[in-house]
Amino acid sequence: MDALLHQVFSGLATGGIYASVALALVMIYNATNHINFAQGEMAMFATYVAWSLIEGGLPYWAAFSVTVGLAFLGGVVLERVVIRPVENAPGLSAVIVSIGILVIFNSLAGWWFSYTTRSFPSPFPDSRPFGSSLLSYHELGSMGVTLAMLVAIYSFFRFTSLGLAMRAAAQNPVSSRLVGIRVGWMLALGWGLAAAIGAVAGMMVAPIVFLDPNMMGGILVYAFAAALLGGINNPWGAVVGGFIIGVLENLAGAYVVGTELKLTVALVAIIGTLVVKPDGLLGKTVVSRV
Amino acid sequence: MSEALLTVAGLDAFYGPTQVLHGCGFTVPESGITALLGPNGAGKTTALRAICGMVRTRGDIRFQGKPIGGLKTESIARQGIAHVPDGRGTFLELTVEENLRLGAYIRRDSRTVSTDFERMYGYFPRLKERRRQQAGTLSGGEQQMLAIGRALMLRPKLLLLDEPSFGLAPLVVREIFEIMRAINRDENVSILLVEQNAALALDLADTTHLLETGRVVMSGRSETVRNDEAIRRAYLGL
Ligand SMILES: Nc1ncnc2c1ncn2[C@@H]1O[C@H](COP(=O)(O)OP(=O)(O)OP(=O)(O)O)[C@@H](O)[C@H]1O
Ligand SMILES: [Mg+2]
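Chains as they are written, first to last, in my numbering: chain A, 1 to 290; chain B, 1 to 238.
Next comes chain A alone, as it looks inside the complex (with noise of 0.2 Å):
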């Protein structure tokens, strides 16, 4: 019993990782209707970014903070400076250009930083809370921080103009405009919040799986699981489908398929919800109008 509980936690730690990813994911599927598969290898450089803030002596969340920073900037400037070129291109060409932002941050990454593995440190400490089998300190810090981030994210576009004028420009670009809304910018503000719930995610996970330019592949593909399931046009549903995500995969790998399989999860839960029920479990049914 404890050790089906231990791996049901531990699933809702990683399933928190998978959340924000999906979250990511879906605030920039929404405002262009596009997946940016380029969401992970971001996170990964910006995680990258704050182990040599780290390395180079910054206390742990001054780096944190730093980095976040630099990735809402980088977010915010790769949207205007690469993105907005193809903004009214044909579909194909925006997911060109972000499989090739995936590759460019890849290969940087590995110029610069060597492919080599390399440990990241946790903010918490290294042991388990209340002498309990069931959740180590990292999993309870990250799934606080997740949580913590989810909640000012939620806050944020349902509490202030800003916010809700993101989401009318997702929604309407054209009635946002006559309000006077600057689409563009809003745009560009998307990805930059993506991208810093992105350097989250990384940070949070890179002391489990290690640092390394591939750290986030797998993220990734759970991520999009993890959206499509819940829906991915609802974020809320992508939060949902995170969670449940962590936890099949780490209940799959420990009862059914072994750790070595567990990425079928994902492959299961998108071809199963493609087949099932396309909308996901919380998405919307678009109809485009001909």
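Source of the hints: derived by calculation from the structure; they are not laboratory data. The beta carbon of each residue, even a glycine, is placed where N, CA and C say it ideally should be. Any given hint might turn out to be false.
Between beta-carbon pairs, the in silico distance windows are [said to hold, decoys possible]:
#1 236/A with 140/B: 27 to 33 Å
#2 92/A with 70/B: 29 to 35 Å
#3 87/A with 107/B: 24 to 30 Å
#4 174/A with 17/B: 17 to 23 Å
#5 126/B with 62/A: 51 to 57 Å
#6 70/B with 217/A: 44 to 50 Å
#7 41/B with 151/A: 48 to 54 Å
#8 109/B with 87/A: 29 to 35 Å
#9 56/B with 277/A: 41 to 47 Å
#10 17/B with 33/A: 22 to 28 Å
#11 111/B with 128/A: 50 to 56 Å
#12 109/B with 236/A: 31 to 37 Å
#13 158/A with 185/B: 34 to 40 Å
#14 31/B with 277/A: 52 to 58 Å
Given the coordinates of chain A, assemble chain B with the ligands onto it according to the supplied hints.
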């Protein structure tokens, strides 16, 4: 006569390579209601879009004497032009209240914004009852009211309305037209109205411009148009 609020001269407008407006010229005087009428496909919607920088244009558009041609749509809105577009432009997935809040997005005077909410709910009590409801669930008439309310929340000097009567029952249309008259009188907003329902529009507007195949073919006092049998038959099917 004092300088017009909006002056359009030699205006061409394009969708891609297709030219739809050909040297249009008309004015919208300060504080009145002006109608832009004409048959389907004449270019009425395009004229409103051109004013707001939503289509490619050539020519001169002046608002309060300042050229606004070539500005971005969002900058034109910030000058005080609110546009209820063809199809109403409702944010369907947001609530009624959020739609109104978006109308006031560019305003920073939060105290007057909240009194404006109450004023809008005064004009449109049904919106108040439904303020937490998703806008997409409103009836057509309620959505039109919401669209007008959203536009007014900007505190515009000029309100562009594209076929506010479209798809609505006659009773609802009459209600909305009464409210437009009140708004024009009480809010110090000039209105440029595009309408299919020419009889109603001629009744409401002081000035009327007639548009045909992208050209202004006649401009004048509404009662002149109303009383000219030949014009009515030729352009308005009345
Ligand atoms: N998005 C578009 N792309 C290409 N052509 C367009 C577009 N919108 C309108 N047109 C063309 O421009 C011309 C004028 O259209 P517009 O919508 O301005 O007319 P309208 O006077 O508003 O008509 P209605 O009374 O039917 O609303 C029409 O010939 C129309 O086919
Ligand atoms: Mg029209």
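Which of the listed hints are not met by the structure? Going through the list in order, the structure violates no hint and respects every one.
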